[in-house]
Structure formats: structure tokens, C-alpha cells
Amino acid sequence: GAVVSQHPSWVICKSGTSVKIECRSLDFQATTMFWYRQFPKQSLMLMATSNEGSKATYEQGVEKDKFLINHASLTLSTLTVTSAHPEDSSFYICSAPPAGGPNEQYFGPGTRLTVT
Amino acid sequence: DAKTTQPPSMDCAEGRAANLPCNHSTISGNEYVYWYRQIHSQGPQYIIHGLKNNETNEMASLIITEDRKSSTLILPHATLRDTAVYYCIVRVAGANQGGKLIFGQGTELSVKP
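Chains as they are written, first to last, in the numbering used here: chain A, 1 to 116; chain B, 1001 to 1113.
Worth flagging that the hints you see were computed from the coordinates, not collected in a lab.
Among the clues, some could well be false.
Unchecked claim - Some chain B residues near chain A, calculated using beta-carbon distances under 7 Å:
| # | residue |
| --- | --- |
| 1 | Cys1012 |
| 2 | Gln1042 |
| 3 | Gly1043 |
| 4 | Tyr1046 |
| 5 | Gly1050 |
| 6 | Gly1099 |
| 7 | Lys1100 |
| 8 | Gln1105 |
To be verified - The calculated SDA-like cross-link candidates involving lysine to any residue, where the alpha carbons are at most 25 Å apart (straight line), are:
| # | chain 1 | residue 1 | chain 2 | residue 2 |
| --- | --- | --- | --- | --- |
| 9 | A | Lys64 | A | Thr75 |
| 10 | A | Lys14 | A | Thr78 |
| 11 | A | Lys20 | B | Lys1100 |
| 12 | A | Lys14 | A | Pro109 |
| 13 | A | Lys66 | A | Ala2 |
| 14 | A | Lys41 | B | Asn1054 |
| 15 | B | Lys1100 | A | Ser89 |
| 16 | A | Lys55 | A | Leu76 |
| 17 | B | Lys1052 | B | Thr1026 |
| 18 | B | Lys1052 | B | Ile1063 |
| 19 | B | Lys1100 | A | Ser73 |
| 20 | A | Lys41 | B | His1040 |
| 21 | B | Lys1100 | A | Gln6 |
| 22 | A | Lys14 | B | Asp1011 |
| 23 | A | Lys64 | A | Leu76 |
| 24 | A | Lys41 | A | Glu63 |
| 25 | B | Lys1052 | A | Pro98 |
| 26 | B | Lys1069 | B | Lys1112 |
| 27 | B | Lys1069 | A | Thr32 |
| 28 | A | Lys41 | B | Pro1021 |
| 29 | B | Lys1112 | A | Ala2 |
| 30 | A | Lys41 | B | Asn1023 |
| 31 | A | Lys20 | A | Ala2 |
| 32 | B | Lys1100 | A | Ser9 |
| 33 | B | Lys1100 | A | Ser54 |
| 34 | A | Lys20 | A | Met45 |
| 35 | B | Lys1100 | A | Thr78 |
| 36 | A | Lys41 | A | Ser73 |
| 37 | A | Lys64 | A | Leu46 |
| 38 | A | Lys41 | B | Asp1011 |
| 39 | A | Lys64 | A | Gln38 |
| 40 | A | Lys55 | B | Val1092 |
This one's a predicted model, so the numbers in the text were calculated from it and none came from an experiment.
Glycine is no exception: its CB is placed at the ideal position from the N, C-alpha and C atoms.
Taking the hints into account, I'd like the entire structure generated from these sequences.
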């Protein structure tokens, strides 16, 4: 099946700094990618839809100025957590449906962010 | 997208069939039933999806009731590696529908030796 990678797999940063997480579709093109956040013992929460060549669409309650999303190419989307705080510590997961392909989505392995 | 209801947890003996139910009584005619699972600390994995007919693939079978208000995911011979949280999601298929998945709480399946 199709492969989605994320980098880094885990990151520790200090409060107030920014962290960039990459999401890549390795063997297919994706005009749309999705970013989720998951706190311990909870389900995935959709944060935003990343659109290649246009602005991301954020879900209600998600701060677009804090979670910057850039979809620079058909295989890469990035999520930057700006001025991170301990409450931003979470598991961040991206997903992508192959453009013009089947309806299922392929998920990345996730990035564990810890803000100290 | 229609809301789904799943039991929070289930146990299954290794080698036996695991039957995971999902209620989606408000499903619309153009909405599909999707199943994903998430093994601890990994990204979710697609399992199967269907509209109204029963579906089977190498991972599982999906049984959808005739009125489409509920479905059951069947893992025919559960192994310890099937221990995961299983999510039933109902949504309209196709990239032109946005494609986003809204996850509920899912069912935590524990396969025991």
C-alpha cells in the first residue's frame, strides 16, 4: 500500500520555540493532506486540511497563527507549531488520500512532541 | 457526517473471530462505512469500507445490515497483533467531498492468549 512518512518521529523542545513537522507521501501524489492531534487516551482530533497551492482550512477552535501549515508540493506538507507551550505536547499525525485514487487514506506514523 | 456508536472495549481469545459492532442509525444514502484501526503509538491503518453490500479483503470482513443502520467488522482469526483501537467512521466517499475523517472514541480490542 501507499506510504506516508513523518519527520521527526519525536521531538523535545523548550517552551517558546517553534517546531516544524514534515509529512511526505512517498509513492503517490496528494493534493490534500490532513493533520490530526491526539492526546493520551483520547481519539484523533482533526486540526486542519492542507491544500496544495492554497491556504489550509482549519477546524473550529484551532489557531491558524499558532499551527502554520504549508503544502509546498504534491508530496509534502509541513506543520509548524509556533511558540510552543507544554499544553501543545501531543502526538501529531498526518494523513493523505492518493489523488484520483481509492477512497481510503494513508496515515503517517505520527510525531511525538514534548514541550518542556 | 453521521455519528457512530461503538462499545468502548472488547476482549477476544487468540485464534477466535473478533466481531466489532458499530451503530450508525443516522447514516445517509450516500455515506460509506469505513473502518480504521490504531495500534498503540502508531498512525491509524485503513482496514475496509463499504456502502451496502458485505465486503471482504485480506484483513477483515464488513457486514452491513440491510437498513444500513449498523455494521460489524469481523476479524476471522484474531492474533495478538490485532490488539488495537478500532474506529468505525461514516462519511461520503470521494475526494471531492473533502475526504476528512472524523474519529469517534472507537473500540479498544484486546486479543488475549
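Right, here's what the structure says about each hint:
1. Cys1012: violated (21 Å)
2. Gln1042: holds (6 Å)
3. Gly1043: At 3 Å from the nearest chain A Cβ, Gly1043 of chain B passes the 7 Å test, so the hint holds.
4. Tyr1046: Result: holds, 4 Å to nearest chain A Cβ.
5. Gly1050: violated (11 Å)
6. Gly1099: holds (5 Å)
7. Lys1100: holds (6 Å)
8. Gln1105: For Gln1105 of chain B, the interface hint holds, since the closest Cβ of chain A sits about 5 Å away, which is under 7 Å.
9. A:Lys64 / A:Thr75: Given that 25 Å is the threshold and the Cα spacing comes to 22 Å, the pair holds.
10. A:Lys14 / A:Thr78: holds (20 Å)
11. A:Lys20 / B:Lys1100: holds (22 Å)
12. A:Lys14 / A:Pro109: Holds. Lys14 of chain A to Pro109 of chain A sits at ~23 Å (cutoff 25 Å).
13. A:Lys66 / A:Ala2: violated (30 Å)
14. A:Lys41 / B:Asn1054: Outside the cut-off at roughly 32 Å; violated.
15. B:Lys1100 / A:Ser89: holds (23 Å)
16. A:Lys55 / A:Leu76: Status holds; Cα separation ~14 Å.
17. B:Lys1052 / B:Thr1026: holds (14 Å)
18. B:Lys1052 / B:Ile1063: holds (9 Å)
19. B:Lys1100 / A:Ser73: holds (19 Å)
20. A:Lys41 / B:His1040: holds (10 Å)
21. B:Lys1100 / A:Gln6: holds (19 Å)
22. A:Lys14 / B:Asp1011: Violated, because 41 Å separates the two Cα atoms, which is more than 25 Å.
23. A:Lys64 / A:Leu76: holds (19 Å)
24. A:Lys41 / A:Glu63: With a Cα-Cα distance of about 23 Å, the restraint between Lys41 of chain A and Glu63 of chain A holds, given a limit of 25 Å.
25. B:Lys1052 / A:Pro98: Holds, because 24 Å separates the two Cα atoms, which is no more than 25 Å.
26. B:Lys1069 / B:Lys1112: Since the Cα atoms of Lys1069 of chain B and Lys1112 of chain B sit roughly 30 Å apart, the hinted pair is violated (cutoff 25 Å).
27. B:Lys1069 / A:Thr32: Status violated; Cα separation ~30 Å.
28. A:Lys41 / B:Pro1021: holds (21 Å)
29. B:Lys1112 / A:Ala2: Violated: Lys1112 of chain B and Ala2 of chain A sit about 30 Å apart, past 25 Å.
30. A:Lys41 / B:Asn1023: Given that 25 Å is the threshold and the Cα spacing comes to 22 Å, the pair holds.
31. A:Lys20 / A:Ala2: The given pair, whose Cα atoms are some 23 Å apart, holds under the 25 Å limit.
32. B:Lys1100 / A:Ser9: holds (23 Å)
33. B:Lys1100 / A:Ser54: holds (17 Å)
34. A:Lys20 / A:Met45: At roughly 19 Å apart (the allowed maximum being 25 Å), Met45 of chain A and Lys20 of chain A satisfy the hint.
35. B:Lys1100 / A:Thr78: holds (17 Å)
36. A:Lys41 / A:Ser73: Judged against 25 Å, a Cα distance of about 33 Å means the pair is violated.
37. A:Lys64 / A:Leu46: holds (13 Å)
38. A:Lys41 / B:Asp1011: holds (18 Å)
39. A:Lys64 / A:Gln38: Distance of about 18 Å is within 25 Å: holds.
40. A:Lys55 / B:Val1092: Measuring from Cα to Cα gives roughly 23 Å; hence the hint holds.
The structure fails to meet hints 1, 5, 13, 14, 22, 26, 27, 29, 36 from the earlier list, while all remaining hints are met.
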